[in-house]
Amino acid sequence: MLASAALAANRKLYLKDGSHHVVREYQVNAGRVRFYSLERSDWEEIPLELVDLKRTEAEQSSKQARLEEEAKIISAEEKVERELEKEVMRIPLDPGAYRLEAEQLKIFKQAETKMRSNKRRSVLKAISPIPMIAGKATLELDLARSLNVIHDPNPEIYIQLSAEQRFGILKLTPNKGVRIVERLTIVPVSKEVIEERDMVEIYRKQLAGSLYKIWPAQPLDPGEYAVAEFTDGKLNIQLWDFSYQPK
Numbered sequence: 085m086l087a088s089a090a091l092a093a094n095r096k097l098y099l100k101d102g103s104h105h106v107v108r109e110y111q112v113n114a115g116r117v118r119f120y121s122l123e124r125s126d127w128e129e130i131p132l133e134l135v136d137l138k139r140t141e142a143e144q145s146s147k148q149a150r151l152e153e154e155a156k157i158i159s160a161e162e163k164v165e166r167e168l169e170k171e172v173m174r175i176p177l178d179p180g181a182y183r184l185e186a187e188q189l190k191i192f193k194q195a196e197t198k199m200r201s202n203k204r205r206s207v208l209k210a211i212s213p214i215p216m217i218a219g220k221a222t223l224e225l226d227l228a229r230s231l232n233v234i235h236d237p238n239p240e241i242y243i244q245l246s247a248e249q250r251f252g253i254l255k256l257t258p259n260k261g262v263r264i265v266e267r268l269t270i271v272p273v274s275k276e277v278i279e280e281r282d283m284v285e286i287y288r289k290q291l292a293g294s295l296y297k298i299w300p301a302q303p304l305d306p307g308e309y310a311v312a313e314f315t316d317g318k319l320n321i322q323l324w325d326f327s328y329q330p331k
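Mapping the sequence shown onto this note's numbering, position 3 (from 1) lands on 87, and the numbers just tick up by one.
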């Protein structure tokens, strides 16, 4: 009866004296072992009693198991890459904040930030901030609660940046019908702006170029929040607000 083993990978055919032949394949038939020697590029035969088949087969089984494990790892990595590409393709290239809810894309509306100083309130333009007067001020959003409600305490949010600057999630403070984004101190003479904001600890993952996925390190407490993109001291903050309310 013919028993054969032929694999694409090279292997060692061990002999009982401890030496070995490097072979492409071998066959056991009628008390003899026929093998193709890679060292001499030809077929050869030797008596079966000289061959350590147990060691040869054990090593080949171990090698095959390693190859199969490596193939599984490569397959898993390729699957992750495909899923990442699919995920990235679903997010628009336009700067902004996005979320996938039940496989549906949800686009966050950018909020209009206003500044309150000396009992006056003005719209803050990200491109050309209004002149600063020394003293205290606050950045605010209209309404005590966002119309964009999320019920997941661990929301995964995508942010497509408009420029290389800081970003994250802010916790907002409801106060008399508005939500305070940050408190400002404008230093006299230098007009340096000191910003106090409540940043939520987050994890972030860069998916592609300016696209990041962010999510809170700890489950959110019920309340008001906003995805933010900003540069410290520039008053150029961009916000996409949301409210977390448990179901």
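The reader is advised that the hints may include incorrect statements.
To be verified - Here are the simulated DSS-like cross-link-like pairs (lysine-lysine), alpha carbons at most 25 Å apart as the crow flies:
| hint | residue 1 | residue 2 |
| --- | --- | --- |
| 1 | K100 | K147 |
| 2 | K170 | K220 |
| 3 | K170 | K190 |
| 4 | K331 | K275 |
| 5 | K156 | K100 |
| 6 | K190 | K96 |
| 7 | K193 | K331 |
| 8 | K318 | K255 |
| 9 | K193 | K275 |
| 10 | K170 | K156 |
| 11 | K289 | K170 |
| 12 | K255 | K198 |
| 13 | K318 | K190 |
| 14 | K289 | K163 |
| 15 | K193 | K100 |
| 16 | K260 | K193 |
| 17 | K289 | K190 |
| 18 | K170 | K193 |
| 19 | K275 | K198 |
| 20 | K198 | K260 |
| 21 | K255 | K289 |
| 22 | K147 | K96 |
| 23 | K220 | K193 |
| 24 | K255 | K331 |
| 25 | K220 | K260 |
| 26 | K156 | K220 |
| 27 | K198 | K96 |
| 28 | K331 | K170 |
| 29 | K193 | K289 |
| 30 | K275 | K190 |
To be verified - Distance windows between CB atoms, simulated:
| hint | residue 1 | residue 2 | range |
| --- | --- | --- | --- |
| 31 | R288 | I157 | 20 to 30 Å |
| 32 | P272 | G307 | 29 to 39 Å |
| 33 | E167 | P131 | 28 to 38 Å |
| 34 | E128 | E167 | 18 to 28 Å |
The set of hints was computed from the structure by calculation and includes no laboratory data. Since the model is a prediction, treat every value here as computed from it, not as a measurement. For every residue, glycine included, the Cβ atom is placed at its ideal position computed from N, Cα and C.
Hints not upheld, ascending by number: Of the numbered hints, 2, 4, 5, 6, 9, 13, 15, 23, 26, 27, 28, 30, 33, 34 do not hold.
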